[in-house]
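Letter by letter, the chains look like this.
There are 2 protein chains.
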Amino acid sequence: MTFAEQYDTYRLFMEEDLKARCQHWDVSPEILSESMRYSLLAGGKRIRPVLFFAALDALGADWKGEAALAAALECIHTYSLIHDDLPALDNDDFRRGKPSNHKVYGEANAILAGDGLLSYAFELLLKEAEKGSAHLEAARILAHAAGVYGIVAGQSADLLWSDVKAGESELLFLYANKTGRMFRAPLAMAACLAKGDVPLWSRFGERLGILFQLTDDLLDRGAAGEEKRLTAVKVYGLARAEELASSCAQECCALAQRLGAPFLRDLAEEIERRKA
Amino acid sequence: MTFAEQYDTYRLFMEEDLKARCQHWDVSPEILSESMRYSLLAGGKRIRPVLFFAALDALGADWKGEAALAAALECIHTYSLIHDDLPALDNDDFRRGKPSNHKVYGEANAILAGDGLLSYAFELLLKEAEKGSAHLEAARILAHAAGVYGIVAGQSADLLWSDVKAGESELLFLYANKTGRMFRAPLAMAACLAKGDVPLWSRFGERLGILFQLTDDLLDRGAAGEEKRLTAVKVYGLARAEELASSCAQECCALAQRLGAPFLRDLAEEIERRKA
Chain A
1407 MTFAEQYDTY RLFMEEDLKA RCQHWDVSPE ILSESMRYSL LAGGKRIRPV LFFAALDALG
1467 ADWKGEAALA AALECIHTYS LIHDDLPALD NDDFRRGKPS NHKVYGEANA ILAGDGLLSY
1527 AFELLLKEAE KGSAHLEAAR ILAHAAGVYG IVAGQSADLL WSDVKAGESE LLFLYANKTG
1587 RMFRAPLAMA ACLAKGDVPL WSRFGERLGI LFQLTDDLLD RGAAGEEKRL TAVKVYGLAR
1647 AEELASSCAQ ECCALAQRLG APFLRDLAEE IERRKA
Chain B
1407 MTFAEQYDTY RLFMEEDLKA RCQHWDVSPE ILSESMRYSL LAGGKRIRPV LFFAALDALG
1467 ADWKGEAALA AALECIHTYS LIHDDLPALD NDDFRRGKPS NHKVYGEANA ILAGDGLLSY
1527 AFELLLKEAE KGSAHLEAAR ILAHAAGVYG IVAGQSADLL WSDVKAGESE LLFLYANKTG
1587 RMFRAPLAMA ACLAKGDVPL WSRFGERLGI LFQLTDDLLD RGAAGEEKRL TAVKVYGLAR
1647 AEELASSCAQ ECCALAQRLG APFLRDLAEE IERRKA
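Taken in order, these protein sequences are the chains called A and B.
As numbered in my numbering, residues 1407 to 1682 make up the first sequence, in order.
As numbered in my numbering, residues 1407 to 1682 make up the second sequence, in order.
Read the hints as simulated data drawn from the structure, not as lab findings.
On a predicted model such as this, the values are computed, not experimentally measured, just so you know.
Heads up, some of the hints might be wrong.
[To be verified] Distance ranges between label pairs, derived from CB positions:
1) Gln1656/A / Glu1440/B: 38 to 44 angstroms
2) Glu1649/A / Asp1499/B: 48 to 54 angstroms
3) Thr1415/B / Lys1470/A: 49 to 55 angstroms
[Said to hold, decoys possible] On the chain A side, residues computed to face chain B include the following (Cβ under 8 angstroms):
4) Val1510
5) Ala1514
6) Gly1522
7) His1550
8) Val1558
[What the hints assert, rightly or not] With a cut-off of at most 20 angstroms between alpha-carbon atoms, the simulated SDA-like pairs for lysine to any residue come out as follows:
9) Lys1451/B / Ala1473/B
10) Lys1634/A / Leu1495/A
11) Lys1533/A / Pro1493/B
12) Lys1509/A / Pro1493/B
13) Lys1533/B / His1541/A
Glycine is no exception: its CB is placed at the ideal position from the N, C-alpha and C atoms.
Bound conformation, chain A alone (with noise of 0.2 angstroms):
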């Protein structure tokens, strides 16, 4: 199978579950089911459920039989996402190349449709944490990764810092925190539950979350609103930011390689192509 099939593998799985899954929905009123629904199903790469899925099946576990998990990622995922696009915040009237959620169906429902989102996420974890040790041990993972101490945290330093001098520091902190967390847990929760090198799996995922913020910035440069954020080309220069997502690339294929995951050497050159 080609990288591209193997990925379309995880990928369309994760369409198919959460489809399943929306029509389970017995939410009222219509309008809260139907703006959650919106956003969750809106497509997009997916590549947290992805990246937890590849670190399952490389380890040899069932990694269909974790769904559950990887759609509250996703869900996690989308809330944040539905919240950081609202006027107060990053005031993106587009995502996925459709209307954002608050251009629908108005700012207060999407405020709403996040926080249902998040809360649902919740719900999926805490049943899954039935199971055993093994996933609570991952939801607790993942609901770090989500917290005051992950991406809603990257989150508030990327509104303060965009009008602020920020330097090194500032921008690893954003990095660390907006994406790191949320492609490190879904390879932590895998190697938890399938009994793999937890921190090596772990620095696999923040290298990538670099790589992938790294690229996304390099993508950026003049991009509308762009002079308004802190971007690795603006700390380190052109030159230098790409440099560094090739240096970050190595690193992860490397690890990749040691895990015994050719599948995810293969996405690490995937997003380090990106930036070309």
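Please arrange chain B on chain A, whose structure you already have, making use of the hints.
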């Protein structure tokens, strides 16, 4: 000890516990922890934790030992107030006599403070779940009450039905979800932890939530913004709403008697007296 002294014993214990928790936060950026702390430590009746402690106490359990679950209850309640007060939702400038969170920290920070408190509550729940199956079940009860089958649905309904013709069934949905679930949760959690009669404690909590909401509606009649809200006074008329509150209070007192919880009987009477 008088009822008021007993109430303050529970309430002040919660205050001290929440203060101590906030002091241990190591959250960056500072504005994120500051805005979370601002609302969490703004006082209030702490009625949900008080219900939880009182039920544990009545059941002969070590109520002080369950402070983390009580803190999770209050964090979830506080997050819901912060988001409800936002301009896009209820647009309230004041809360508990102080400027609301977004008036002090701005809308973006208020949204993130709410997200942070909700996530923090779930981190507490998942940590408590390590204690065993009763704690995990208690955590699940709270997660369900907090989510799309609880307060998020209640707030969504509150928005939706402010502008449309709505009747008794909508009012009961609102009561059950906006207030009922989070009054039921602490009592069901306590019963679950202390091996009490979960359905009976749950029923007491649901009825007490309805009593609280009925007396709220009676208290608020003629207040600013009331014309836009769906209330018991609108649906039933004043006299019938007062009758319903009285019979609901009687039912609560009888249930508290059956449960061997005189403090909670006094509390139901205290809530009923608010409407006068």
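Do the hints match the structure? See the list:
no. : hint                                      : in the structure
1   : Gln1656/A / Glu1440/B: 38 to 44 angstroms : holds (41 angstroms)
2   : Glu1649/A / Asp1499/B: 48 to 54 angstroms : holds (51 angstroms)
3   : Thr1415/B / Lys1470/A: 49 to 55 angstroms : holds (52 angstroms)
4   : Val1510                                   : violated (14 angstroms)
5   : Ala1514                                   : holds (4 angstroms)
6   : Gly1522                                   : holds (4 angstroms)
7   : His1550                                   : holds (6 angstroms)
8   : Val1558                                   : holds (5 angstroms)
9   : Lys1451/B / Ala1473/B                     : holds (16 angstroms)
10  : Lys1634/A / Leu1495/A                     : holds (12 angstroms)
11  : Lys1533/A / Pro1493/B                     : violated (34 angstroms)
12  : Lys1509/A / Pro1493/B                     : holds (16 angstroms)
13  : Lys1533/B / His1541/A                     : holds (13 angstroms)
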